[in-house]
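Protein chains: 2
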Amino acid sequence: MVVKVYGPVYASPKRVLVCLLEKEVEFETIPVDLLTGENRRPEFLKLQPFGSLPVIQDGDYTLFESRAIIRYYAEKYKSQGTDLLGKTMEDQGLVQQWLEVEAHNFEPPVLNLVRQIMFSSFYGLTGDKKVIKESEEKLGKVLDVYEDRLSKSKYLAGDFFSLADLSHLPFTNYLVGPVGKEHLIKERKHVSAWWDDISSRPSWKKVLDTYGLPF
Amino acid sequence: MVVKVYGPVYASPKRVLVCLLEKEVEFETIPVDLLTGENRRPEFLKLQPFGSLPVIQDGDYTLFESRAIIRYYAEKYKSQGTDLLGKTMEDQGLVQQWLEVEAHNFEPPVLNLVRQIMFSSFYGLTGDKKVIKESEEKLGKVLDVYEDRLSKSKYLAGDFFSLADLSHLPFTNYLVGPVGKEHLIKERKHVSAWWDDISSRPSWKKVLDTYGLPF
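Line order of the protein sequences matches chains U and G. Going by UniProt numbering, the first sequence opens with residue 1, and the numbers climb by one from there. Going by UniProt numbering, the second sequence opens with residue 1, and the numbers climb by one from there.
Incorrect hints may appear among the rest.
Because identical chains share one entry, a pair is satisfied inside a single copy or across any pair of copies.
List of simulated lysine to aspartate or glutamate pairs, DMTMM-like, C-alpha gap at most 20 Å [unchecked claim]: (1) 206 with 187; (2) 46 with 147; (3) 206 with 75; (4) 87 with 75; (5) 46 with 90; (6) 152 with 60; (7) 133 with 144; (8) 76 with 91; (9) 78 with 90.
Keep in mind that the hints were calculated from the coordinates and are not lab data.
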């Protein structure tokens, strides 16, 4: 059964795409245009009642929320492709921990920067300078913790690439690209080496080459 | 080994406490006073570098982020106490999905209401009426989705109590209590029945009776 992934050009669905490539699971993508409100149409809301991306269909099984989907496939195909969960229960706990950190500490300030810089620019507007400054400071503190952590282990959850690292790919890609804040990564030695490592994985390059950015 | 749980009077650590009770895992609690900044002290930051609660110590294993901790114990003691993960891989995927919905759709507007109403009142301030109105509207829409979902299955992930339901306990308890927005739950028949069911579990009653609220 080929997995259907909705909305491949956007950031969160790319978490799912890179995970499926790492797990060697076949998929096809279905475009959803947020700009024309396709995500608010009744047929989409039947799949994802909050109107968010991504959502997947795998036979008659429907699942949404990118971090739930990547957990599902990492578990379902544990022994196929790259192991993204860790070998021991304790390693798996740390993968979950850093996946939560990505969601609650890392993504919110990056998302603010994406909205204020990248989206504003697309609409010909100027972003809110106060929000930009505060978000950058907040993100800097989060990355200081990452720098310390990555000075002790090659990846966030330990010496193995996992869902926790993978989950950072889409929004860090915005950060170092269209948002123009690459220095936040580059000025931290271990964070920079980690980013070079994870962003050069063939799976991620393929996702970017195939699906690009929304605008 | 008795699990040490830091900061039992606060909301997020209560997710961990109720989970450990459901899983019949022995624990002890260590108070952390956020009002005096105990969470910013170096010895605490060694355990949780972001200065957030909760954090647990289980022998020499340290883990933070409440939803990572509850996943870890639900998995580690899968066949002990209440099964909080679901039987099939697909059920487990839905548990993860609704746990993410709780984190990303449900908690943010509730947290705004907690800050603007409960915390403001504690400090003798008046909350921001615009934020309160917007958060209540946002939460109402989320609860409309819950109402539809809970008209089809007894609990969020299916006909079994899971981490997804459990994770709602601490902040919904604020919402119907000190925040004074019980009507948002009561005016939705299925959400109301679900709340009555999950909040009357002996594990949750014990957590509230033993650790109360922070102020």
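Right, here's what the structure says about each hint:
In this homomeric assembly, residue 206 and residue 187 never come within 20 Å of each other (Cα to Cα): the closest approach is 27 Å inside a single copy and 49 Å across copies. Taking the shortest alpha-carbon separations for residue 46 and residue 147, only the inter-copy value of 14 Å comes in at or below 20 Å, while the best intra-copy value is 42 Å. Within a single copy, residue 206 and residue 75 get their C-alpha atoms no closer than 23 Å, and across copies no closer than 33 Å, so neither meets the 20 Å cut-off. In this assembly of identical chains, the alpha carbons of residue 87 and residue 75 lie at most 20 Å apart whether taken from the same copy (12 Å) or from different copies (14 Å).
For a Cα distance limit of 20 Å, the shortest separation of residue 46 from residue 90 across copies, 18 Å, qualifies, whereas the shortest one inside one copy, 37 Å, does not. Proximity of residue 152 and residue 60 under a CA criterion of 20 Å is satisfied inter-copy only: 17 Å between copies versus 43 Å inside one chain copy. In this assembly of identical chains, the alpha carbons of residue 133 and residue 144 lie at most 20 Å apart only when taken from the same copy (17 Å versus 36 Å across copies). Proximity of residue 76 to residue 91 under the C-alpha cut-off of 20 Å is found in both arrangements, the shortest distances being 18 Å within a copy and 12 Å between copies.
Proximity of residue 78 to residue 90 under the C-alpha cut-off of 20 Å is found in both arrangements, the shortest distances being 16 Å within a copy and 15 Å between copies.
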